[in-house]
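> In case you want the letters, here they are:
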Amino acid sequence: MSTFVAPDIAWGPLVPVLVVLLAAVAGVLVEAFVPERLRRTVQLTLSLAALAGALVAVAVLWGDVRRTGGTDVLAGSLVVDGPALVLQGTVALLALLSVLLVADRVTGDEDAFAPTAAAVPGSDYEELARRRGLRQTEVFPLVLFATGGMMIFPATADLLTLFIALEVLSLPLYLLSGLARRRRLLSQEASMKYFLLGAFTSAIMLFGIALLYGYSGSIRFSEIAAATATPGGTDDLLLVGAVLLLVGLLFKVGAVPFHQWTPDVYQGAPTPVTGFMAACTKVAAFGALLRVVYGMLPGMRWDLEVVLWTVAILTMVVGTVAALVQTDVKRLLAYSSIAHAGFVLTGVVALDDSGITAVLFYLLAYGATTLGAFGLVALVRERGTRDGTDEPAVLGEATRLSQWAGLGRTHPALAVTFTLFLLSFAGIPLTAGFTGKFAVFSAAVAGGAWPLALVGVLASVAAGFFYVRIIVLLFFTEPAGSPAGADGTAVGEPAGGERVDGADGADGGDAPVASGVGGATAAGAAPLAAATADATAGPGTATADATAGPGTATATATATGTTVERGTTTVVPGEGLTVVAVAVCALLTVVLGVAPQPVLDAIGSVAVLLP
Amino acid sequence: MADFPWLTALVVLPALGAVALWALPAGARRHSRTVALGVALAELVLLGAAVGAFDTADAGTHQLTETVPWIPAFGVSWALGVDGVGLALVAMSVVLVPLVVLAAWREQGAGDAPTDRLRHYLALVLLLEAFVVLVFAARDVFLFYVVFEAMLIPVYFMIGGFGGARRRYAAVKFLLYSLAGGLIMLIGVIGLYLQGPRGPEGFLVENLVGLEMDPTLERWLFVSFFVAFAIKAPMFPVHTWLPDAAEQAPAGTSALLVGVLDKVGTFGMLTLCLPLFPQASRWAAPVVIALAVVSVLYGALLAIGQRDLMRLVAYTSVSHFGFIVLGIFAFTSTSVAGSSFYMVNHGLSTGALFLLVGFLAARRGSQQVADFGGLQKVVPVLAGMFLVVGLSALSLPGLSTFVSEILVLVGSFARHPVAAVVATVGVVLAAVYVLWTYQRLFTGPVRPELAAMPEASARERWAVGPLIAAMLVLGFVPGPALDLVRPPAEQTLTQVGVEDPAPSQPVVMPASEEGGDR
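Those sequence lines, one after another, are chains A and B. The opening residue of the first sequence carries number 1 in this note's numbering; numbering runs sequentially from there. The opening residue of the second sequence carries number 1 in this note's numbering; numbering runs sequentially from there.
Hint data in this document are derived by calculation from the structure and do not stem from the laboratory. Cβ coordinates follow ideal geometry from the N, Cα and C atoms, glycine included. Treat the hints with care, since some could be wrong.
As the list claims (entries may be wrong) - Quick list of simulated restraints, FRET-style, between CB atoms:
#1 TRP283(B) x ALA203(A): 56 to 66 Å
#2 ARG198(B) x PRO257(A): 35 to 45 Å
#3 GLY199(B) x VAL608(A): 15 to 25 Å
#4 THR310(A) x GLU490(B): 46 to 56 Å
#5 LEU324(A) x VAL19(B): 31 to 41 Å
Using the sequences plus the hints, can you model the full thing?
Below, the structure is given as structure tokens:
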């Protein structure tokens, strides 16, 4: 028996991660000990300080890493090298902006989260909690925990740490997805789906890890890489293990065919959380993928190329084609994020040295644009009356595309900013999206993967169509009255009505078609009835959006026979936190498009993965 | 003043003008038209100074050059410079813009006072002017590409935001066509860069000319560039976006779109496709020439059949672009110089035609040919201007378009006699569509509902007059302009590696630029 020797830990390179995780722990204590009225302020300050601290720590470590190339810490469980630092910095920056979105009380004094998540949706208890003005400040530590996991994820150097980081980042996200204040059943459904599929994928990944360990006798990336270099008799073990491991990572980035959760979760989760997931999770997961593909499996590149190429092509094509028929802004952005995952994959698959810089740059550019877009989605609201009264109120987010018609006339600043983000998604020059796309496609062509770049370009053309469609809607369509008043309770709208929504501005809006239970339960019907109807309608209609063409109609209020509220869409300023975050994102989108050189230089100078 | 960045100044001034228009405080918005016109005229003055700094004796080389690193990590520089052709096109664009501003004076709901819509429209026009100057002056393939694509956005809004009833459809069609072409070109741009020396100046055109490439690869790269330019130009069979766009857009937009923007396509073929991919250009020439001839005839025939005036003018342009492409790919110094000159003349002629049709449509409230008739007696000045501009479209001797068209045909005949002869039929068809249109619009009995149509105002005369004057001057004295375009043409042919075919008989001169004087 050997005696246990405590590892010699170099704490310095761990500071960015530690700051965030310690702040998360402190956040839990704040929940326990700080009086309720102070909690939000304390939590917000703590979160912002921690993330800013992490950014500073990254900056301090930068010089060292640039000089030495990086170090491994915790006896080789983690590596802090250039790409890891870049990714940690990106995650911290985007998380910082996300926290602003999370904290903003957009309507009145209500933030985006349920007053008490444990209450049954639509119950008296929930209404009581709402009236009492209860608030869930636990979201801040949850976001910090997730961020901590995301910062570890791309810096891992062995499979177990990889798995643990994955769980640390995922579990808070499952929770956060279920906390939406409005449309709670949709949110809970999203959370459940995400959790079940995520847990399933974790198991698959763990199985892959076991197989890889069985093949190589090690969980270290470097030792597995060494083992793949020497041919042995158990290649099947290696191949199956590697594929299973990749499945886990590709699930997190939302690549086809592991993307099924993305639209539902992105739609159901509270919009600030969606933004956080879309931006930060993708950065972290691609970081890990980059390390696995470049660091651990280069010996297998010929075997894996088929898999990765197929996934990349499928992701670009399916993401784009499915986005073409979406009628809900959040679902559209979800599918667009899938397509973008495909574009990043072309950079990963390139296996060219320029690919690392390209991918890192793309992630930053895409993250900033996405976060900004979701931030704006949170500001566009329906106007109607509060439950059973005539009291006018600003209700939930107006996510139906038809409700966005004419915003360019009524709210030009918002429309112009959103257009900027859309142009960036579409890859129009002088925006960050173009620079990123150019970088990954260059890497792909340089790495001999020009067919991928070609597919990417064709997908971009098709994608251009739906981004342009929104611009048309924003600027060239008269604001059409869309049925909004049916929202009735603050609880939420029936999922059926929400999903089967084909009318966009071009079709003139709201033909009264009652689509099943969805319509029948709206507008002041008993909340419990809404709840059950919702629960049954939800899963059944989950796929309906893909087929619902223009012409099917919004099914909210008309079936009840009450007067239809000609609800209008409005834009709320919130407390200004969202506006600040969006402004930063817009600035990044422009700067990374017009003058990307400093950032490219900075990333390029450290873009070497430590084995 | 030799080192003054003339071209950057020419780009920055209208861009600042656009920003100024958008930022105009509410109190000063009634002056938005004046501001826009002032900026456009200031740009014209600046252009005059830049032309003064240009050495016309050395028109074959790029002058007024500036090279500043932009994104060295990608090999991209802010590299500007114009040779004779570039300068001529920049000049044509800069001349056209103030006239478009004048023509739009009372559009978009503006009467005596400008509306906010008009202010946005004029800002977009100025923004577009900045992009246009930049694209004609770019000496860096990446910079060219960036502007080529970014330009779509202001045009998209100019069509979609300010046009006719089906403007959204037209705008989206335009954008998707252009985006498709542009993104395919992106692959070519990347591929070309990887073939070149790379490094921080790897996208400079001069670093990419004369590369040794695998012939197959070179052909693919050529195709990726050519498709984008053919869509932009537009050539048969990828022209279908143009009639829709021109029909729905306001007249000023169409004038800029067809008169200036589409030249980017032919300009790209001439200054990028040919020098960068000489072998592939020679390989593709027969197909391109066939398509060009088809464009000439097809565009002219469809123009004859149109009921909508804007569509009619658009189709005449498809025909004219066929001539331009024919001249470029015939690879004789006469035809290439002719095509270069054609680009300028076509901008003047079509720009004027669109503006005139816009004036007529604004009076009548319709742009259908059938809604007009007998106007010659009602509005003789408008009729006269229309006749002259129309005759320029059919290349009447004495007008500058004749010079360029005869150069293209004569030059092409030396290498591709059949194509040139067939294309000549297009000239005859041009006479049909121009004269028949004039006949239907202006001759015959005066219609009672049109009897009160107001005559051309001073503003409208000023908007079209300069273009007619320019065409007359260039028609009678084409020498200076041809001095500008001939050296670059010869240089391009050297890069392509072809020589003028030897005359089969020792004639004195094949066809000289003095043709216009006959």
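> Can you name, in rising order, the numbers of the hints this structure does not satisfy?
none
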